[in-house]
Amino acid sequence: MLLGSLDQYLINGLVLGVIYAMVAVGFTLFFGVLNVIKFSHGDVLMAGAFAALIAYISLQNFVSISIWMMVVITTTFAFAAMALFGAIVARFLVLPLRGAPPLNTLLITLMLGLAVREAVRLFYPNGSNPKPFPKLLPDTDIFIFGLEIRHDSLIIIFGGLAAICFLHLLIKKTRLGLSIQAVAQDSETARLMGINFQKIVLGTFALGSGLAALAGVLNGLYYNEINFSMGLLLGVVGFSSAVVGGLGSILGAIIGGFLFALLQTIGAIWFEVPAYKDVFAFVVIIAVMAWRPTGLLAETKSDRV
Amino acid sequence: MPNLLEVDDLYVGYDEADVLSGVSLKVKPGKITCLLGANGAGKTTLIRALLALTPTRQGKIFFDGEEITHQATHNIVRLGISTIPEGRRVFPKLTVIENLLTGAILEKNKRKIGSRIEEVLKIFPQLSDRKKQLAGTMSGGEQAMLSIGRGLMSAPRLLVIDEPSLGLSPLFVKENFKVIRSIKERGITVLLVEQNVKQTLEIADYGYLIAQGKVVASGASAELNKTDQVQLAYFGSKQ
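Respectively, the protein sequence lines represent chains A and B. Under numbering that gives the first Met the number 0, the residues of the first sequence are numbered 0 to 304, in order. Under numbering that gives the first Met the number 0, the residues of the second sequence are numbered 0 to 238, in order.
Since the hints were made in silico from the structure, they are not lab data. The structure displayed is predicted, hence computed values, not measured ones. Treat each hint with caution, since some may be false.
Said to hold, decoys possible - Among chain B residues calculated to face chain A with C-beta under 8 Å, some are:
#  : residue
1  : 73
2  : 76
3  : 77
4  : 82
5  : 90
6  : 91
7  : 92
8  : 93
9  : 96
10 : 102
11 : 104
12 : 105
13 : 120
14 : 153
15 : 178
16 : 180
As the list claims (entries may be wrong) - Pair by pair, the computed Cβ-Cβ distance ranges are:
#  : chain 1 : residue 1 : chain 2 : residue 2 : range
17 : A       : 75        : B       : 113       : 32 to 40 Å
18 : B       : 108       : A       : 290       : 44 to 52 Å
19 : A       : 175       : B       : 110       : 15 to 23 Å
From the three backbone atoms N, C-alpha and C, an ideal C-beta is built for every residue, glycine too.
My request is simple: use the sequences and hints to build the entire structure.
Rendered as structure tokens:
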């Protein structure tokens with residue numbers, strides 16, 4: 000292995016870690032407030048990336064829009080579209096199933112994910128093939144501590160971290176966040192405090208789904224290519240990260256996401272054959288789960304969000 | 000004076016069986032009204048129906064003249080009903096201050112919230128040393144204080160207190176009753192659910208005795224204390 004490319008591995012690992020963490024946080028939020036696993040999460044990420052692409056294509060003919068403006072508009076559109084979609088799914092699919100076994104919610108959202116995936120494949124023009132995602136960020140190099148880093152990687156890493164920090168502050172420091180925590184810890188008592196349970200659940204699903212859309216956009220900006228099935232692996236990786244960190248804990252989800260990216264990076268360096276990196280990462284995750292079945296930050300019954 | 004809370008011929012049940020069959024009661028403003036009865040008599044079910052946590056089958060509930068029978072819980076709470084639930088139910092992973100803030104979640108005015116926190120800490124000085132402690136790590140007695148404090152944070156018109164002495168040491172039970180009396184002195188109407196007949200009737204103005212889902216005796220506390228049913232319930236619970 001060439002030593003010179005090690006910093007590339009590091010940057011790549013950080014980008015992936017941020018994206019995984021964003022997906023994992025969504026899984027943990029949904030599980031926290033409603034005790035459900037929403038398996039369409041990865042496909043929401045994909046749909047978010049496509050929403051951004053659609054926004055870009057519709058706007059690219061307006062020359063007056065600067066490139067930064069374009070980033071902001073497409074990202075905001077993707078976030079808003081998926082937040083709305085998340086709230087609708089919560090209202091009409093997840094909440095009605097509240098009395099049913101959690102497994103039903105898992106299966107129904109699994110099917111929903113499939114439907115979203117196939118819908119994009121069938122209805123997006125030439126949807127079976129990968130789509131180029133616009134290069135909106137500068138790919139010039141800068142040197143930090145002797146590391147050669149591309150500007151776009153840096154922006155993606157900090158953009159993702161900023162989103163996660165923003166979510167953390169929202170949950171810890173605002174009235175909405177306090178309501179989310181109260182619902183997650185004891186939904187009945189939260190209602191006795193005057194909290195509108197349904198509103199908080201919809202808000203949480205909107206937030207988590209919007210975050211997935213952001214992850215999808217960052218993923219597109221990094222690889223400059225998206226496709227209808229990109230959510231499949233990202234969903235499984237995000238879910239594994241959330242579980243290995245301890246489902247229900249936000250910090251655990253973040254740690255899990257970066258852990259998974261670290262394992263992939265180690266796998267990639269170690270085996271040289273790129274395909275083995277996922278095998279290696281999943282094998283280690285399975286081993287960790289066998290060692291700590293409730294995740295690294297073990298959740299007690301009340302330890303939610 | 001009109002009643003603050005009125006329950007009219009209420010039927011509530013789970014599955015096939017009725018837990019409450021035809022319960023009626025009135026809560027007068029500014030007074031402590033207590034609900035007595037043995038385990039399983041239906042006291043907690045009545046409270047849950049009142050707050051729409053358990054659906055009502057038949058009958059009506061009025062708060063301050065407005066019918067609240069089939070409204071959503073958070074809308075009922077909004078009218079000015081605060082609850083100290085059975086078993087305290089503090090939010091275990093929130094700090095003492097955050098728990099208090101959940102009690103005032105409907106209040107937007109930051110100054111009011113601040114002064115209410117101060118007030119609660121004045122009633123329970125023990126809590127001021129533990130502002131940043133997670134509620135789940137506190138003792139049962141401290142959690143009880145926190146739960147009462149949280150209930151006061153919304154400046155309620157009616158405070159529903161469900162079995163406050165459950166699982167507490169006798170010394171703290173006594174302390175609890177003192178606090179409830181002082182809550183009444185602040186002008187807050189109290190609906191108190193208890194099994195502890197003697198101490199409850201000492202502080203309550205009116206009482207209802209429930210057995211097997213029906214009101215079997217009611218009246219002013221002093222008179223209620225003398226009735227056969229209460230004597231029976233009292234000695235029954237003593238065993």
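Original post:
Is the shortest C-beta separation between residue 105 of chain B and chain A less than 8 Å?
Top reply: holds (4 Å)
Original post:
Holds or violated: residue 76 of chain B as interface residue toward chain A, Cβ cutoff 8 Å?
Top reply: holds (4 Å)
Subject >> Closest C-beta approach of residue 90 of chain B to chain A relative to 8 Å, hint status >> reply: Nearest chain A Cβ about 5 Å off; hint holds.
Original post:
Is the shortest C-beta separation between residue 153 of chain B and chain A less than 8 Å?
Top reply: holds (7 Å)
Subject >> Interface hint for residue 92 of chain B, Cβ within 8 Å of any Cβ on chain A >> reply: holds (6 Å)
Original post:
When you take the CB atoms of residue 108 of chain B and residue 290 of chain A, is the distance between them in 44 to 52 Å?
Top reply: holds (51 Å)
Original post:
Does the hinted range 15 to 23 Å hold for residue 175 of chain A and residue 110 of chain B at CB?
Top reply: holds (21 Å)
Original post:
For the hint on residue 91 of chain B, does the least C-beta distance to chain A fall short of 8 Å?
Top reply: holds (4 Å)
Subject >> Given hint residue 73 of chain B near chain A, where the shortest CB pair must fall under 8 Å >> reply: holds (5 Å)
Original post:
Against chain A, is residue 120 of chain B within 8 Å by beta-carbon distance?
Top reply: violated (19 Å)
**OP:** Mind checking the CB of residue 82 of chain B against every CB in chain A and telling me if the closest is under 8 Å?
**Re:** holds (5 Å)
Original post:
With a cut-off of 8 Å, does the beta carbon of residue 93 of chain B approach a beta carbon of chain A closely enough for the hint to hold?
Top reply: holds (6 Å)
Hints 9, 13, 15 and 16 from the list above are not met by this structure, while the remaining hints are.
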